[in-house]
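Trainee: Residues per chain, in single letters:
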Amino acid sequence: MSLIARLTERSWEPASDQHAWPDRPSAGAVGLSVYAAVAMVMFALLAAAYVMRMGLHRAMGHAGDDWVSMPDPPLLWINTAVLVASSIAWEMARQAAKREKAVGVSAIASVLGLCFLTGQWLMWQHYQASGFYLSSNPANAFFYLLTALHGLHIVGGLVAAGWVLALGSQRHVRLCALYWHFLLFIWILIAALLVLT
Amino acid sequence: MATTLADDLRPLHHPRSWVTKYVWSQDHKVIAIQYSVTAISIGLVALVLSALMRLQLGFPGLFPAIQPDNYLQYVSMHGMIMVVYLLTALLLGGFGNYLIPLMIGARDMVFPFVNMLSYWLYLLSVIVLVIGFFVPGGPTGAGWTLYPPQSITEGTPGHQWGIATMLVSLAIFVAAFTMGGLNYVTTVLQARTRGMTLMRMPLSVWGIFTASIMGLLAFPALFVAAIMMLFDHFAGTSFFMPTMQSMGRITPTEGGSPLLFQHLFWFFGHPEVYIVALPAFGIVSDLISVHARRNIFGYRMMVWAIVIIGALSFLVWAHHMYVSGMNPYFGFFFATSTLIIAIPTAIKVYNWMLTLWRGNIHLRVPMLFAIAFIFTFIHGGLSGLFLGNVSVDVPLSDTFFVVAHFHMVMGVSPVLVIFGAIYHWYPKIFGRMWNETLGKLHFWITFLGVYAIFLPMHYIGILGVPRRYYALGETAFIPHSVHLANAWISIAALIVFVAQGLFFFNMVWSLFKGPKADPNPWGAASLEWQTPQTPPEHGNWGPHLPTVYRWPYDYSVPGAPRDFIPQTEPRS
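These protein sequences, in sequence, are chains A and B.
According to numbering that gives the first Met the number 0, the first sequence is numbered sequentially starting from 0.
According to numbering that gives the first Met the number 0, the second sequence is numbered sequentially starting from 0.
For reference, chain A alone in the conformation it holds in the complex (with noise of 0.2 Å):
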C-alpha cells in the first residue's frame, strides 16, 4: 500500500484487508536507516557552516576574509581508495552465500577499515607538521572536526563489526555492509568539499 493510501485511510470506517501481519522490513535495517538520516543531517550541517564561513554569505554578516585553503596531499586519495577498497570487502561478504565466507571477508573488511583510520591518523600527523595547527585557520579548524566526527563514525562502525565477527551473524553483516557504504558515501562528500576548496 503506498503511503499516500496509508495516510488516507478512512480510519473510522471497517477495512478488509488489515488483518495480515504487514510485510516490513527487519527493525535493524530501519534503525540503521533512521541513524543515517541523523548523521546525514549532523555533517550537512557542518558543510553549510563550512560554506557560510567561507564567506559565501558575507553580505549577511558572515566572515570569510581569513580563510586560507588546505593544500590537498596524496595520502587524502590514497585513504580514499583504501575506504573503497573496504567497502567493496563490505559488499562481498554482503553477498556471500555462505556464512563462513561472509564472516572471513567480513574481517578483511574491518582491517581495511583500520587501514583507513591510521591513514587519517597520518594525514593529521602530515597537516600538523606542516604548520596547520587547528587554531591556526578556520579552514583547518573544519578538516580537523569534520575527519574527526567522521573518524568516530568509523571507529563505532568497527566496533560494531568487532561484535558481528564475534557473533558470527550474517543478518548483522549485512547491517555492517550497509552502514559502511554509508560512511563511504558521506567520505566522498567531505573529500570532496576539502578538495574543490
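It should be emphasised that the hints constitute simulated quantities derived from the structure, not laboratory data.
All values derive from a computational prediction rather than experimental measurement.
Even for Gly, the Cβ is constructed at its ideal location relative to N, Cα and C.
Take every hint as true, because none was put in to throw you off.
Short derived list, chain B residues pointing at chain A, Cβ under 8 Å: (1) Phe110; (2) Thr177; (3) Leu181; (4) Val184; (5) Thr185; (6) Thr196; (7) Leu197; (8) Met198; (9) Leu216; (10) Val223; (11) Ala234; (12) Thr236; (13) Phe238; (14) Glu253; (15) Leu263; (16) Trp550.
Following the hints, position chain B against chain A.
Mentor: Okay, now just chain B, sitting in the frame of chain A:
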C-alpha cells in the same frame, strides 16, 4: 524480522533480579518512569530558580543574596532546563516510552538495550548539568540561547567552566535523545500489532512519533553548535569568535561568525518548540476525546496537521533572529512561513473545540487541564501572530511581551497537558486512583495562577520593560504601575509554586493509600487500557498480542451497548 512482532515471549529480556528489574531495566515502562522522575526532579530545580527570579523582580533589593550575576544564571539555567531537560525528556522519554508500545500493541521498544542506554546517558547529562552549579564561577549566565561571543568571553557569569559543563551536557543529551528517538521511530514503524494501521494510531502516538523524527533531525544542529563552541572555547579556533577587544586586550580569535551560531542554534531551537508542542497536541486530543465521549473531530486532518506543522517548523527558524539583522527579503520569507504555520495549528484548535461541541463532557481533572490548555494555547498562539511580523517583533523582542508569549505557548500549555496526562494515565501506570478534590484544587490554583502571572507580562512588555534585566531602577518610561504589577506577578508565582505541593502530595500519597483503580476507569477505547493486568506486566499483553479492528475513537456509537468500543473488539 522484528522479534517483538512475534507472539512469543522468548526474545524479551526477562529481568532476573531486583536490580535488572528496576535499575538496569530494559522494560519501556520502567525506563519511562525513570525518565519522568529524573526530568521532574531537575524541573523542580528550574522551578526554584524561577521563584528566585520572581523574588528579585517583584521585590528588588530585598534579597541581597541575589546578585546580578546570580540572576542571569537563574535565567539561563531555568530556560535550558525547562525546555530541554524537563519538557523534551518528559514528553518523549517519559510519555513516549510509556505510551508508544502500549498504544500500538507492542511488547516493548524494538531496541530495549539501546533504550536503557538512552536513559542512563540522559541521567549523565543531567548530572553534568548539575555539576555546572558547583564549578568555579557557577553555571553559565549567557541566557538559554548561549550566544557567542559573550557566552565564552570574560564578563559573562560562568564563561569559563559553567558554559563548558552546559555544552558537554547538551552534547550528551543529544546522544541520549538520538538513542531514544531511534527507538520511538522504529517501534512505531515496526512493532505495530495486527490491524494497527498508521491511521488507527491514537493521536498521542502521532504527536510523539512526529516530534521524535523532528528531534532526530533538529538536535544534530545543537550538537554541532555545542562541539564547535567547545573548540572555540578550549582549542582557540574561531568558528564563532570574531576579533574582539576584551578587558583591554585583543583576543587571539579572528573572523568568526556569531550569526553562524545563531543559525545553528535556532535551526534546532525552533523545531524544539514543536518537539515539545506536538506530543502535547496529540495527548490533549486523546484526553478531550475520551472525557467528552466523542470521537475526535477530523482525525485525518489532525494527523496531517501534525505532520505539516512538523515539516514547516524547519523553515521558520530565523524569526528568532529578526533583531540580529538580516536581509529584508529573508525577514519577509521567514515572517511568511511563520504565519503559514497558523493555518494547520488553527485547524487543530477548531477540531478540539468541535470535538467538545455537543459532547458528553465529564469535567474530571484530566479534562479540566485539557480545556485549560486550549485557552492558554490560543492565547500564546495569538501573541505569536504579532511577533511573527518583523516590524512588530523588533520593538517587542527584548521585552516581557516575548516572555509572556513563549511561556504561554510552550511553557504553560505543554505543562498543563503533562499534568492532565499524568492524572489521566496514573491509574494505568500505578493501578491506583488519586484524590479528586486535591486534583481539582491543584488545577484551579495552577490555571488561574498562570493567568495572574503571564497576563500582566504582556502589558509590561508593551510598555517596553526589557527582559533579562536584574533590576529596572529609576527609568522615566517605566511607570509606577509596572512595579506594582511585578510585585503582583511575584506573589502569584509564589502561590502557584507552593500549590504544586498539592500535586506531588497527591501523587505520592495515592501511590500507597489511593483506592485500587479500575483497569479502564475512563472508559477509553485505545489499546493501553485493554491490557490484561493493571499496571501492565513485563511484556504487556500476556501470551498473545492484541488484534486491532477499529480506530481508537469509537465513543458514543449509536446502537452500541456501551458508550465506547475498545479497539480490540471485532466488527460484528
